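**Student:** These are the residues of each chain, in order.
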Amino acid sequence: MAEIVTANRLGDGVVVFLDAQLRWVAPFAQAAVFANESAKEAAIAAAKLSEARNEVVDPYLVEVVARGGGFAPKSLRESIRAHGPTIQFIFGGSALGAARSAQEGVHVPL
Amino acid sequence: MYRYDEFDAAFVSQRVDQFRDQVARRLSGELTEEQFRPHRLMNGLYLQLHSYMLRIAVPYGLLNARQMRKLADIARKYDRGYGHFTTRQNLQFNWPALKDTPDILAELASVEMHAIQTSGNCIRNVTADHFAGVAKDETVDPRPYAEILRQWSSLHPEFTFLPRKFKIAVNGAARDRAVIQAHDIGLQAVKNAQGEVGFEVYVGGGLGRTPMIGRKISDFVAEKDLIAYVDAILRVYNLEGRRDNKYKARIKILVHEKGESPMREAVEKEFAARRGEELTLPAEEVARIQAYFAPPALKAREAKSARVEHRASHDARFRDFVATNLSAHKTPGYAIVTVSLKPIGKPPGDASADQMDALADLAEDYSQDEMRVSHEQNIILPYVALDDLPAVYDRLSSVGLSTPNAGLVSDIIACPGLDYCALATARSIPVAERISERFGDGARARDIGPLKIKISGCINACGHHHVGHIGILGLERAGEETYQITLGGSGDETASIGQITGPGFSSEKVVDAIETIVDTYKGLRTDENEEFLAAFRRVGMQPFKEALYERSAGSDI
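Sequence lines, in order, name chains E and P. Each residue of the first sequence is one higher than the one before, counting from 61 in the numbering used here. Each residue of the second sequence is one higher than the one before, counting from 392 in the numbering used here.
No lab work stands behind these hints: they were computed from the structure. Incorrect hints may have been included.
[Claimed, not checked] For lysine-lysine, the following DSS-like pairs were computed, each having C-alpha atoms within a straight-line distance of at most 25 Å:
| id | chain 1 | residue 1 | chain 2 | residue 2 |
| --- | --- | --- | --- | --- |
| 1 | E | Lys-134 | E | Lys-100 |
| 2 | E | Lys-108 | P | Lys-490 |
| 3 | P | Lys-900 | E | Lys-134 |
| 4 | P | Lys-615 | P | Lys-660 |
| 5 | P | Lys-649 | P | Lys-607 |
| 6 | P | Lys-660 | P | Lys-556 |
These numbers come from a predicted model, not from an experiment.
The whole structure should be built from the sequences, with the hints applied where relevant.
**Tutor:** Below, the structure is given as structure tokens:
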């Protein structure tokens, strides 16, 4: 099962993901996909250390699946968390969600 | 409206300083998240799906222009340019940074606002009829009593750690616009034969996973005994309410398990032991608080406005607005204007910072510097002279706030749902957006007539789906969103819990299902004056069930 590691950044609450260097990044497209158990264990251990250093809140693993030429969160909840609200906003279009997706990429590259 | 005295101002300011220190200690690592969580929740700060969320208390929904402008400023400066008005008459910001929240709270304090008791197992922000003080059908203005309850319950040492959260609503009109029977305590202010004010008291109402209509445990609690009686209820609940199971901890479960009569007896016993003591409300104190809510001196006006009639004669949208967004005012020549925050295809309850500023300007120019947030997620301008309606309408139109759909099918309540909320199991807002696009605010919506659709994205029922004429509950089944529909709910004085139609519908089919329900209603109503709820109560579930599951494509779950 392929998984990524996510959390919320403590200071501003922004959703972040661990990248291949085990650093927190906001763009979902830069999230590292961990496929084997030892890589996952190392990643979540790094995330817990970061939590203990008060950098992030509540890190956890999220299952991702191959979709549309990349990886995407399996659950709708995590997909919304990765890409922002799916709604139309009052000030026209789907400002926040679309902007965030366009800037940050919809999928983790394969 | 109530204005802070020196004590209030010092108290709120002190709380801001305390929270600033707590946030600093959290950011420095001195406090762990576990240690910090109760502190942030006490100040209305949640950690949601994408970000922190700050819930700001709007006591009984009342706002002046200065406060609304401050909310607009905060939206621009610290958030993403908009805010979300909630079913608890509050305002939520969806994207604040933790490090900014002490500054946000300091800014709020400068306009006599805060976020205290908008979370946690305490007595939450007291809500009231959003037409309070101006409705033609009103017997008693509930706001002074809501304010008295607010003051009494703020940081009440005995009731800060209740078994679960506790919500009180107050109504004083013939029509219940505060959904009092779905609250932990619902108070209906009335007058007895001698003209004295008192309260009918409902206890144990609530929605969530176990919806209950409140039980009336007293027909008349005298004004002076209001706090003593409410205190007695809270004491019984605090002692006997369950703390072993979060899902059985609300007072509704206690009332249900204990029974109505034993609950009444327990409250009366507690009340008898304490009445006449320090909790008795002094008449002069009630009068002092009432003075804050004294009706403004409104210029005498003709009951009809030639200006309105002229504009309506040639402007259909204006005519529609007048037909649905005005309510009868107790002063002739004035109207209560409901500003719909339900533009077609947009999220219910959201307002941009520019719209908030425009509302503040309108309140100052045309509504005695006053607005109300309704639990239906709209904004009320309570004092608009009929002659000013064309000007008010034009200014609302210029900022996209003149949608003529108050009380109609597209005036939908929806919780934030899975687009924002960490507890949600399905999305609410996109369903509301699609329903409102399907029915619109024009001839079709007007032909359907008054219809309340309420949507919750999980079983906690923040979207009040149980009391929607049509209720929609979003759930998750096998990784897919599914929507359960209820019919026949009502949050007014004839309160009832909706009945489930049957199996749920996929996100794709739920709007078609709503259309099937609406078409079925139109086919069976006696005439166009028979509203949806009345028709449902007359014919029951069967015709709707048949239409949903037998004649149409049916449920796909």
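**Student:** If a hint holds in the structure, say so; if it doesn't, say that too.
**Tutor:** Consistency of the hints with the structure:
Our distance criterion of 25 Å between C-alpha atoms is met by Lys-134 of chain E and Lys-100 of chain E, whose separation comes to about 17 Å. The hinted pair formed by Lys-108 of chain E and Lys-490 of chain P meets the criterion: a straight-line CA distance of about 22 Å does not exceed 25 Å. Between the alpha carbons of Lys-900 of chain P and Lys-134 of chain E the distance comes to roughly 22 Å, so the proposed pair stays at or under 25 Å and holds. Between the alpha carbons of Lys-615 of chain P and Lys-660 of chain P the distance comes to roughly 18 Å, so the proposed pair stays at or under 25 Å and holds.
Distance hint between Lys-649 of chain P and Lys-607 of chain P is fulfilled; the C-alpha atoms sit about 14 Å from each other, no more than 25 Å. Of the supplied pair hints, the one linking Lys-660 of chain P and Lys-556 of chain P holds, its CA atoms being roughly 24 Å apart against a limit of 25 Å.
Checked against the numbered hints listed earlier, the structure breaks none of them; every hint is satisfied.
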